[in-house]
Every structure is written in structure tokens, then in C-alpha cells.
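Q: Chain order of the listed sequences is A and B. In this text, residue positions in the first sequence follow my numbering: the first is 1, and each later residue adds one. In this text, residue positions in the second sequence follow my numbering: the first is 1001, and each later residue adds one.
Check before you lean on any hint, since a few could be wrong.
Cross-link-like lysine-lysine pairs, in silico, BS3-like; alpha carbons within 30 Å at most [unchecked claim]:
#, chain 1, residue 1, chain 2, residue 2
1, B, K1302, A, K224
2, B, K1179, B, K1142
3, B, K1272, A, K117
4, B, K1235, B, K1128
5, A, K224, B, K1142
Example chain B residues on the side facing chain A (calculated, C-beta under 7 Å, incomplete) [claimed, not checked]:
#, residue
6, L1221
7, F1233
8, N1283
9, N1294
10, G1296
11, N1367
12, T1369
13, E1371
14, L1375
15, L1379
Examples of chain A residues toward chain B, derived with CB under 8 Å [said to hold, decoys possible]:
#, residue
16, A120
17, I121
18, L215
Hints in this document: simulated from the structure, not taken from any laboratory. Remember, it's a predicted structure, so these values are computed and weren't measured experimentally. C-beta atoms are modelled at their ideal positions from N, C-alpha and C, and glycine is treated no differently.
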Amino acid sequence: MLKILKYSFYDLMRSKWSYFYFLFYLLLGFLLLFLNNDVSKGIITLLNIIVVLVPLIGTIFGIMYFYNAREFTTLLLAQPIKRSHIFFGQFLGVGGSLTLCLVLGLGIPFIVYGLMKSAAIWDFGLLLVVGACLTLIFTALAFNVALRNTNRIKGFGYAVLLWLFLAIVYDGLFLLSLLIFEEYPLDTYALIGSMANPIDLSRILILLKLDISVLLGYTGAVFKSFFGTNKGLIVALLILSLWIVIPVRWMIWEGNKKDF
Amino acid sequence: MSYKWAIGCILFGMALVQAETIKVCATCTYSSIKEAVLKAQPYDTVLVEKGVYKEINIRIDKPLVLKGLELPVIDGEDKGEIITIVADDVYLSGFLIRNVGTSYTTDYAAVRVIKSKNFRIENLQLEKLFFGIYLEKSSYGKVINNSISGDAVEEYNSGNGIHLWHSNNIEVLNNRIEKVRDGIYLEFSDNILIQNNESLNNVRYGLHFMFSNDDSYVENLFENNGAGVAVMFSKNIRMTNNIFRNNWGPTSYGLLLKEIYDAEIKNNRFVKNTVGINIEGSNRILYSLNNFENNGWALKVKGACYANRFEQNNFLSNSFDISYNSHLNDNIFERNFWSSYTGYDLDKDGIGDVPYRPVKLFSYIVNRTPETIILLRSLFMDIINFSERVSPVFTPDNLIDASPQMKQI
């Protein structure tokens, strides 16, 4: 498995897309900090980008890689290697290289601009952890979609639709349900509803760490009493890791079962 | 003969009018302030030298100058009220007064002025107090350069720093008030000038107005108060050049207006408040040249606000510029600068060619269902905000700034 991981990882690290992705974050980080020169403000702006862009890139990279490496995967399947090792190794290769690009691309500018001395270091750390989780989640989801669809166009379409659903449509439906049931106490519902979507969960987790959390008012207080504590943070991170583990397990199961 | 007699008469008269100076110290004739005040004649001067005087209920019932040299301490030992002024023309200055008693039935104050005129209270330092300076049915007085620092934690067992009740024509200048319930409190008090004070870290409001008309407050700083500044049920209030800063918390406002008519709010700065100004039932107010920076909501307009004008204000990086809870709009927004304005200025006259709509759909939705605030900063919200801006359906469609400025004012 390690060999496969190593192969996919180096393969991706050599590809120009990884460099492009890395340079994009590097530029973004420098630009943001150059424009407002305030590390904690930079984090707020970055939040918007991370919760939308990271899942999208994870999805597209994941699905592209899987389809491109299809012949190679078929070749590997003929070898005496466990199937689970092949898929898991490929997944870790893609997810790992994307996470590395993200962490280095954003980390370097922030460190250059004096993150270490700033109080925002923990918020930034959380931002990176959340970014890494989102990368892994959406790569795993993309692999699942790719495994189920041999047709590239269809698979690509489904993967983008999945991203679209979790990033935008889900919030729309969620909002609609909140408006419909506005007569009822909605705090617990809102809490559960936002935990069910990894993008929402990540967004709220970071929002609560920043001082705009008081804008959330009473609902925010409910959220803060849950996520604000260490216990809540652990629960949230646990849910995020569940979001990684379940699609990965599913992918391996699907891969074992699939007739290539 | 008559010449000499006349001189004698004048000398005698001068001796009568000549105010005496009475000294108070540990080794003087008088070692207690209370005793000295009691013995003093009207218009005398009582000078108190350095030391700690453990006294309460010092009652000044004649025109008098009571002055501390090198900040003597009057310690009430938590027993009750310390100085009560019930006469006109009293000048009180230069004491450190501490340990005013706390009571749940009587409002003990460090200094209370009752039904008096022409008083001047100056250079006092108040510590560990219940009420600080309490003016009751008094007028034409000045409260200057005092420093009040309490240790209030809860609202129910703490008092106000400077409390005006049924008083008028008072000037409150250059005071610094910290950690009490309400920094400055006015009730039924007209023609008051509050200038250049600092009101910080108070449990409730930095400044609290109730039923008080024709007052001005200028050049004050209100920072980090539990609920900001509240101005309620008052007419003709002038609020200019104040700074409202860091009133940050779930129930906090920079400025809370309720039932205010014909006021002027000009040249103020609202920085980092949860709500810059919360407006309820307030009419004919002119808001001009104010700066709203980094607030959660710059303006929260609730019901029944008519004929207000918002002119030439700067709205800079607020999470929401304006929240409005009705479809009706009778207020005018003109020539403001909005940092989130995305229009253009083709004819280069400094005024944007596209009107700005300050109310976002999201702020409308949040007003209706507060729980939806958890969708703050989600992509979906950005998208529907954009579509609402293009063709308004839910937000009042005449609520626009038709002449948004391109540059900060």
C-alpha cells in the first residue's frame, strides 16, 4: 500500500496542476495579507474561499486522477496486491498531495507576515485542519462517484453535482426548512442540520472561533455553548473524521466488489 | 469725626462679610469634617488636610467651600451616604471618597445634591461606591474632572456613576467613569451638557437617558459597556463628536434609540459594536457625517421610524450595513459612502451611477427567523443577496441611496 501511496503522491507532486494549486494558494495568501495586513482579518476572507474552493478542487482532482489512472489501476489489479490497498493508497496519494499544497501554500505567506507572533495562530491552525479534512472528504466522495461510473462524462457531472449540492443547494434547502418551521424552537434542529453537512460544519466551526460569533445572537449562544467548548470541538472534529472514514470505507467496499 | 466713623463702619462691615477659613486635620481644632462643616458660617471655607477621615452623613446646609488639600480620604466604611448638599452655592473639591454603603432600600451616594443651585463638584475621586454623584432636583451646577471607579458586577446591587434626577442646566465635563451600573444616568433632566467624559467598562449603559429633553452630549468616549448607550423617550437631543467603541456582546449596542424625536446625531464614530445604532420609534432625526466601522450591524432599524435622514455617513466593513424589519420606508439615505458598494462612476462626478441598496436579503431573513444567522458567510447567501440586489422582492424597493459616494467622506 505504501508503494502505491508513494507512487500516486510523487506522480501528483510532479504534475503541473499541483504546482498550479500550490502557487494559487501562495499568491492568494500573500495578496490577502498584502491588502489588509491583518492576520485575523485575512483568516475571515480565507474562510470564504476554503469552504467553497477546497471541496471543489478536491472533487475535481479526485475524479480526474481516478479516471486518468484507470489503465494503471487495471494493471495493478492484475498483480497480487490487495484491492483495498490499491484504492486506499491512491486516495491517500491524491488527498495527501492536495493537503500539502494547501498547508504550504497558505502557511508560507502567513508565517512570513508574522503569524507566529499573532494570537490568531490557533484559528489559523483550525482553518488548516478544516481545509485538510474537507480535501480528504471530497476526494473520497469523488473516488466513490468515479468507482460507480465508468462513463467519465457522467462521473464528472455527478461529482460536480455532489459538490454543488453540499456547497449551495443544501444551504438553500436548510434555509427553506428553517423558514417553514420558524414558529418552532429551531436551535437543536439548526445544530443538527449544520453538522450533517461537512461544509457547513467547517464554516461554523471557524466562525465561532472568530469574534463575529456574537452576531449569531441567541442561536450563536447555543452553538457556542456546544462548539465553543473543547468537548464540542472534539465532537465536531470527530464528525469531520467520520465524514472521511465512511466514504473511504465505502469506497474500499465498492472497490472490492466491483467487477473491472 | 464723621470721616473716622465712616472708616470704622466699613472695617466693621468687612469683618462681618469676610469669610473665615476653617482648617481640618488630625491635630487642628477640628479633627472631623462633619464638625467643621457644622460650625462654619455661610460662605466660609473649610480646608481639609491630608489624612483619612472615617465619616458618613456630612450634611452641608449652608453655602460653603469644602476643599481637600493633597487629596484627603473620606472613608464611609460601607455604612451609608457620605456627603449631602442641601444648600445653594456649594463648592466641593479634592477628596478621595471610598466605601459608600450598599443598600437595597436607600440609594446611598458618595455625594448627593438635593434641591440646590449653583454648586460645583470638582476633582473628586470616588472608589468602591454605590451611587457616585447623585443630583436630585438641582440646577445650574457643574460636575467637573471627577474620576469614578466602581467594582460593580451585577445590575441589581450596583448604582450609577453620575445620576441626574429632575435636574436641569447642569454641566457634566471631563469626568471618567468606570465599572458602575450606568456611567451617567439622566431622568427628567433638561438642558444638560455632557462633554468630554469617558465612560468605560460599565455593567449596563455608558450613558442612559430617560425622559430628558434639550440635552447635548459631545466629545465623549463610550467604550466596552455592557449594553452601550441608551437614549430613550427624549426630545431635541444633540449627540455630536462622540466615540462608541467595542460595545460587543449578544445584547450590546453602540447607541440604542427608543422614542427619540428631533435629534441630531453628527460626527460620531461607531467602531466595533455588535449593533452600531439600534433605532426604534424615533422620528425626524438627522444622522450625518458619522463613521460606522467594523460593526456587526451598522444600523438596525425597527418599527415606526419616520422622516429620518441619513446623510454623508461612512459605512466601512460592517457585516450588515442596515437591517430593516418592514417593507415600508420613510427615511432618506443620501450621499453616504458604502464600502460594499460595487457600482461605477462613468461621469466622474464622485457619485456612483447606480443606486446602492443597503439592506441585504439575508439581513431581512435573519430578522424574520433569527436562527438562519448560522448561514452567515455561506456561498448560498452570497448568491441570493446578489439576486435580490439585482431585482428586489423582499426588501423595501425605495430604500436606496441614489447618490452613493465613490470616496470616503
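Q: Hints first: check each against the structure and report whether it holds.
A: Now for the hints, and whether the structure bears them out:
1. B:K1302 <-> A:K224: holds, 27 Å
2. B:K1179 <-> B:K1142: Roughly 22 Å separates the two Cα atoms, so the pair holds.
3. B:K1272 <-> A:K117: Satisfied, since the Cα-Cα distance of roughly 23 Å is no more than 30 Å.
4. B:K1235 <-> B:K1128: Violated, because 34 Å separates the two Cα atoms, which is more than 30 Å.
5. A:K224 <-> B:K1142: violated, 46 Å
6. L1221: Not OK, violated: B:L1221 not within 7 Å of chain A, min 21 Å.
7. F1233: violated, 26 Å
8. N1283: At 27 Å from the nearest chain A Cβ, B:N1283 fails the 7 Å test, so the hint is violated.
9. N1294: violated, 9 Å
10. G1296: With a minimum Cβ separation of about 4 Å from chain A (threshold 7 Å), the hint on B:G1296 holds.
11. N1367: It is violated, given that the least Cβ distance between B:N1367 and chain A is near 11 Å, above 7 Å.
12. T1369: Check passed: Cβ of B:T1369 comes within 4 Å of chain A, closer than 7 Å.
13. E1371: Since chain A brings a Cβ to about 4 Å from B:E1371, closer than 7 Å, the hint holds.
14. L1375: holds, 6 Å
15. L1379: holds, 5 Å
16. A120: violated, 16 Å
17. I121: Because about 21 Å separates A:I121 from the closest Cβ in chain B, which is outside the 8 Å limit, the hint is violated.
18. L215: holds, 4 Å
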